[in-house]
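Keeping their order, the protein sequence lines are chains A and B. Using our numbering, the first residue of the first sequence is number 3, and each one after it goes up by one. Using our numbering, the first residue of the second sequence is number 3, and each one after it goes up by one.
Honestly, the hints are just simulated from the structure, not real lab data.
Where chains are identical, the list cannot tell them apart; a pair therefore holds if satisfied intra-copy or between any two copies.
Taking lysine to any residue and the SDA-like style, the derived pairs with C-alpha atoms no more than 25 Å apart in a straight line are: (1) K29 <-> S76; (2) K94 <-> M62; (3) K94 <-> Y116; (4) K94 <-> E137; (5) K94 <-> R66; (6) K4 <-> E30; (7) K4 <-> P95; (8) K94 <-> R55; (9) K29 <-> Q60; (10) K4 <-> E127; (11) K94 <-> L28; (12) K94 <-> A63.
Computed from a prediction, not measured in an experiment: that's the story for all the values here.
2 protein chains.
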Amino acid sequence: MKLYFAGSIRGGRADAALYARVIRHLKERHSVLTEHIGAPSAFPTVEEGMTDREIWLQDMAWLRESDAVIAECSTPSLGVGYELATAQALGKPVHIFFNENRGFLSAMLAGDPYYRIHLYRDEAELFRALDQALETL
Amino acid sequence: MKLYFAGSIRGGRADAALYARVIRHLKERHSVLTEHIGAPSAFPTVEEGMTDREIWLQDMAWLRESDAVIAECSTPSLGVGYELATAQALGKPVHIFFNENRGFLSAMLAGDPYYRIHLYRDEAELFRALDQALETL
Numbered sequence: 003m004k005l006y007f008a009g010s011i012r013g014g015r016a017d018a019a020l021y022a023r024v025i026r027h028l029k030e031r032h033s034v035l036t037e038h039i040g041a042p043s044a045f046p047t048v049e050e051g052m053t054d055r056e057i058w059l060q061d062m063a064w065l066r067e068s069d070a071v072i073a074e075c076s077t078p079s080l081g082v083g084y085e086l087a088t089a090q091a092l093g094k095p096v097h098i099f100f101n102e103n104r105g106f107l108s109a110m111l112a113g114d115p116y117y118r119i120h121l122y123r124d125e126a127e128l129f130r131a132l133d134q135a136l137e138t139l
Numbered sequence: 003m004k005l006y007f008a009g010s011i012r013g014g015r016a017d018a019a020l021y022a023r024v025i026r027h028l029k030e031r032h033s034v035l036t037e038h039i040g041a042p043s044a045f046p047t048v049e050e051g052m053t054d055r056e057i058w059l060q061d062m063a064w065l066r067e068s069d070a071v072i073a074e075c076s077t078p079s080l081g082v083g084y085e086l087a088t089a090q091a092l093g094k095p096v097h098i099f100f101n102e103n104r105g106f107l108s109a110m111l112a113g114d115p116y117y118r119i120h121l122y123r124d125e126a127e128l129f130r131a132l133d134q135a136l137e138t139l
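Extracted from the complex, chain A is given alone in its bound form (with noise of 0.2 Å):
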């Protein structure tokens, strides 16, 4: 399958190595259309010298050809909530994952009825969420 992976960029880079992580679990058997959101700096090195517009383009390109969409949501992230709201337009199966203590997830996204959501409190528990919402899809 091919994968949308969203998680933070601008909105902070705190869980960057965790997305790095889940990635790579994905990709063990998928392929992850957004793997540059797993990379380690600030600005994922596929956006250097890409226009707003651009990035747009190619977000939104990824997500109609993706199969599914794979949302890590303990950093609040504008881009995030934009990316669900449309993989949801776009009838794409969407899994939400929180770390409960990180607070509380939105309610514009814990309240839709269209999301499945995942709330998770440590990695092991994240992991075995994302297996059993891959055999789901």
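Since chain A is already given, all that's left is putting chain B on it; use the hints.
Chain B only, in chain A's frame:
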């Protein structure tokens, strides 16, 4: 006009007092459906005792009812990103305000030609941009 003001709640309340000043300004000549977003508490009173589903239903009803969306995006927020993509799907005019001193606005918003983006550096500039945006509505 009926305005839907969008600002961060669970993403962080660092700008709650600013939201209150923007809402007070908007209310001089318009009606603001989401006035609770300027409340000083971490979780605005109107949401106390409501489930996530009830909050989402309420906000989606207000979004459909609104004539335009005014979003202050300096604090990253999943919910605001979701609301802005949904506002676009509903064909609502959307004006986004972002304080340049706070970093870079999401490429998903800055790169999407649908939105009117207003960058500002201080509150006087924000209020001038707000007035200009309101005149175009």
